[in-house]
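S.K.: Chain residues, written in single-letter form:
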Amino acid sequence: MRSILPVLSVIAAIVALWYLAAVPMNIHQAVTDAARAGQTVHPPEAAARRDLGGWRLALENPGAVAGVFSQARPRLPAPHQVLTELWRTTAGKKITSKRSLVFHGWITLSATLLGFAIGTAMGILLAVGIVYSRAMDMSVMPWAIASQTIPILAIAPMIIVVLNSVGLQGLLPKAIISAYLSFFPVVVGMVKGLRAPEAMQLDLLRTYSASKSEMFWKLRLPASMPYLFASLKVGIAASLVGAIVGELPTGAVRGLGARLLAGSYYGQTIQIWSALLAAAVLAAVLVSIVGLIERATLRRMGLNR
Amino acid sequence: MTGVYAAVVLWALAWMLNVRLANGDRRETRAMRLLVPAIFGLTLVLVWELVVRGLQVPLVILPSPSRILTRFAAEMPVLWADFVQTFVKGALSGFFIGTAAALSVAILVDRSEFLRRGLLPVGNFIAALPIIGTAPILVMWFGFDWQSKAAVVVVMVFFPILVNTVAGLTEASAMQRDLMKTWGASYWQGLFKLRLPAAMPFIFNGLKIATTLALIGAIVAEFFGSPIVGMGFRISTSVGQLALDMVWAEILVAALAGSAFYGLVAFIEKGVTFWHPSQRG
Numbered sequence: 001m002r003s004i005l006p007v008l009s010v011i012a013a014i015v016a017l018w019y020l021a022a023v024p025m026n027i028h029q030a031v032t033d034a035a036r037a038g039q040t041v042h043p044p045e046a047a048a049r050r051d052l053g054g055w056r057l058a059l060e061n062p063g064a065v066a067g068v069f070s071q072a073r074p075r076l077p078a079p080h081q082v083l084t085e086l087w088r089t090t091a092g093k094k095i096t097s098k099r100s101l102v103f104h105g106w107i108t109l110s111a112t113l114l115g116f117a118i119g120t121a122m123g124i125l126l127a128v129g130i131v132y133s134r135a136m137d138m139s140v141m142p143w144a145i146a147s148q149t150i151p152i153l154a155i156a157p158m159i160i161v162v163l164n165s166v167g168l169q170g171l172l173p174k175a176i177i178s179a180y181l182s183f184f185p186v187v188v189g190m191v192k193g194l195r196a197p198e199a200m201q202l203d204l205l206r207t208y209s210a211s212k213s214e215m216f217w218k219l220r221l222p223a224s225m226p227y228l229f230a231s232l233k234v235g236i237a238a239s240l241v242g243a244i245v246g247e248l249p250t251g252a253v254r255g256l257g258a259r260l261l262a263g264s265y266y267g268q269t270i271q272i273w274s275a276l277l278a279a280a281v282l283a284a285v286l287v288s289i290v291g292l293i294e295r296a297t298l299r300r301m302g303l304n305r
Numbered sequence: 001m002t003g004v005y006a007a008v009v010l011w012a013l014a015w016m017l018n019v020r021l022a023n024g025d026r027r028e029t030r031a032m033r034l035l036v037p038a039i040f041g042l043t044l045v046l047v048w049e050l051v052v053r054g055l056q057v058p059l060v061i062l063p064s065p066s067r068i069l070t071r072f073a074a075e076m077p078v079l080w081a082d083f084v085q086t087f088v089k090g091a092l093s094g095f096f097i098g099t100a101a102a103l104s105v106a107i108l109v110d111r112s113e114f115l116r117r118g119l120l121p122v123g124n125f126i127a128a129l130p131i132i133g134t135a136p137i138l139v140m141w142f143g144f145d146w147q148s149k150a151a152v153v154v155v156m157v158f159f160p161i162l163v164n165t166v167a168g169l170t171e172a173s174a175m176q177r178d179l180m181k182t183w184g185a186s187y188w189q190g191l192f193k194l195r196l197p198a199a200m201p202f203i204f205n206g207l208k209i210a211t212t213l214a215l216i217g218a219i220v221a222e223f224f225g226s227p228i229v230g231m232g233f234r235i236s237t238s239v240g241q242l243a244l245d246m247v248w249a250e251i252l253v254a255a256l257a258g259s260a261f262y263g264l265v266a267f268i269e270k271g272v273t274f275w276h277p278s279q280r281g
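If you read the sequences in order, they're chains V and G.
Per the working numbering, the first sequence runs over residues 1 to 305.
Per the working numbering, the second sequence runs over residues 1 to 281.
A couple of the hints might just be wrong.
[Stated by the list, open to error] Quick list of the computed label-pair ranges, beta carbon to beta carbon: (1) Pro-77/G x Ile-4/V: 54 to 64 Å; (2) Gly-170/V x Phe-96/G: 34 to 44 Å; (3) Arg-50/V x Phe-96/G: 26 to 36 Å; (4) Glu-171/G x Gln-201/V: 22 to 32 Å; (5) Gly-240/G x Arg-299/V: 49 to 59 Å; (6) Val-272/G x Val-253/V: 29 to 39 Å.
Honestly, the hints are just simulated from the structure, not real lab data.
Built from N, CA and C at the ideal position, the CB exists for glycine as well.
Work out the full structure: start from the sequences and follow the hints.
M.R.: So, in structure tokens, the structure goes:
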């Protein structure tokens with residue numbers, strides 16, 4: 001709790017830097033707008049203004065600086081513009097409207113959650129197989145680790161198009177990308193976790209003449225929980241990225257990724273930033289939900305302090 | 001259908017071989033540790049080939065490995081140009097700029113306990129966000145060429161490296177730091193001779209995470225606009241032309257580049273952190 005003040009001041013510094021950066025980024029447009037409105041601006045020729053740096057131009061035309069925070073299509077929107085847009089598109093619209101970020105967020109969230117559930121289930125199953133079969137361990141594990149170094153996300157457009165051509169559309173193709181991205185962190189973490197019990201603990205259960213399945217349910221599975229939750233946090237963030245990137249090649253129809261792409265097509269920077277912020281909030285909420293479940297579970301198991 | 005039957009038989013035989021090898025007496029030797037996964041990988045590729053031929057899967061769904069390799073060999077110059085554009089110009093330059101920036105900020109932050117306590121949670125938080133979403137903005141700011149890709153990579157690799165370095169710089173124990181002080185070491189001497197070397201395992205952990213992120217960032221940023229060369233450009237246009245063998249050839253390039261880059265960083269790590277328990281094995 002004693003780090004609240006430092007965290008708040010770092011966030012305040014980031015916001016201040018953001019406002020400051022908006023001045024040189026947007027000043028050219030602001031001065032042009034002022035010139036069109038009939039005000040006198042310092043270098044009167046547009047070509048001369050283009051050659052000036054952002055800060056120089058701002059110093060020459062202090063009157064136009066106020067305009068950098070209120071443009072319709074700024075190069076860098078100010079934080080309050082993004083927040084206003086975010087408020088307008090979440091609370092100000094019906095959630096069934098295609099302009100509502102809640103609607104787009106839900107599309108992305110449902111793909112994320114479905115993919116995360118599939119990826120986690122498959123990952124845990126494979127990890128159990130790896131721990132109990134030496135052949136599987138030696139064959140599959142090196143590939144599972146090596147596959148982490150491959151930019152899997154690059155396949156996303158292909159998966160979408162191929163599944164489209166066999167008739168699968170909508171939620172499932174995106175969920176498959178999400179599942180794929182959350183799969184490997186779960187496998188690697190879960191294998192580590194299922195192997196976490198020490199020889200002493202395994203021996204103790206053997207002296208109780210525990211069967212293989214009792215050994216699994218009463219020792220290995222509980223012991224793997226801290227590792228599992230650590231990978232679930234990585235996995236759910238990766239799932240969200242997968243769902244967002246999976247929306248890019250579908251032609252920008254629905255979802256947060258589609259908002260990003262449509263915004264970049266039409267130069268709607270405020271829309272891009274608000275979609276980005278919505279994705280960030282979504283990621284933060286998802287990770288902290290997993291974190292809360294982790295804390296509750298570990299506390300009930302007596303593992304947490 | 002004979003292809004499919006052959007695939008099933010091949011799979012069963014290879015799996016039995018692997019089970020025997022993995023449970024045999026020489027399972028702990030280095031050769032076995034390489035041989036078993038190699039057999040598994042090779043079987044997977046052969047089964048893929050046999051199933052695709054046996055069922056005559058159309059090219060637009062899944063090309064066979066042999067077609068991908070033929071395409072790979074035939075399109076070498078194009079693939080090389082894409083590789084240079086995306087990996088060397090985009091990913092590598094972004095990786096170096098991002099690493100330099102993260103290390104400098106980490107050393108600046110390190111001088112103040114207040115900043116460190118504030119920056120670590122914020123950095124950890126940002127590292128978990130979908131930063132790839134900044135790609136359209138950065139493409140808008142820096143243009144379609146490799147500069148915007150490098151910028152995306154800088155933003156993506158910055159926070160993992162920063163967080164790991166800041167955490168690593170606290171790794172040297174109080175006793176070791178006191179020892180440096182008794183020798184009259186200045187702040188910079190203490191940093192370069194004790195705390196930075198002690199932080200190396202953490203820094204390399206961040207760098208290894210960043211290698212994958214760099215390639216992902218450079219490729220995905222090309223989906224938002226690129227010149228007519230580059231791995232991401234080639235993937236998205238080839239998907240549009242349904243030339244899936246070309247897409248897979250490009251993925252092969254990405255996989256090779258990603259593994260080689262990771263391997264190189266891991267190799268350097270081995271040389272730099274030879275003293276660490278995890279490397280002494």
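S.K.: Are the hints correct? Go through all of them and say.
M.R.: Verification of the supplied hints:
1. At roughly 57 Å, the beta-carbon separation of Pro-77/G and Ile-4/V lies within the given 54 to 64 Å, and the hint holds.
2. Between Gly-170/V and Phe-96/G the C-beta distance comes to about 41 Å, which sits within the given range of 34 to 44 Å.
3. Checked against the hint of 26 to 36 Å, the C-beta distance between Arg-50/V and Phe-96/G comes to roughly 31 Å, which is consistent with it.
4. A beta carbon spacing of about 30 Å between Glu-171/G and Gln-201/V agrees with the range 22 to 32 Å that was offered as a hint.
5. Checking the proposed 49 to 59 Å range against Gly-240/G and Arg-299/V shows it holds: the Cβ atoms sit about 52 Å from each other.
6. A hinted range of 29 to 39 Å is violated for the C-beta pair Val-272/G and Val-253/V, which are about 48 Å apart.
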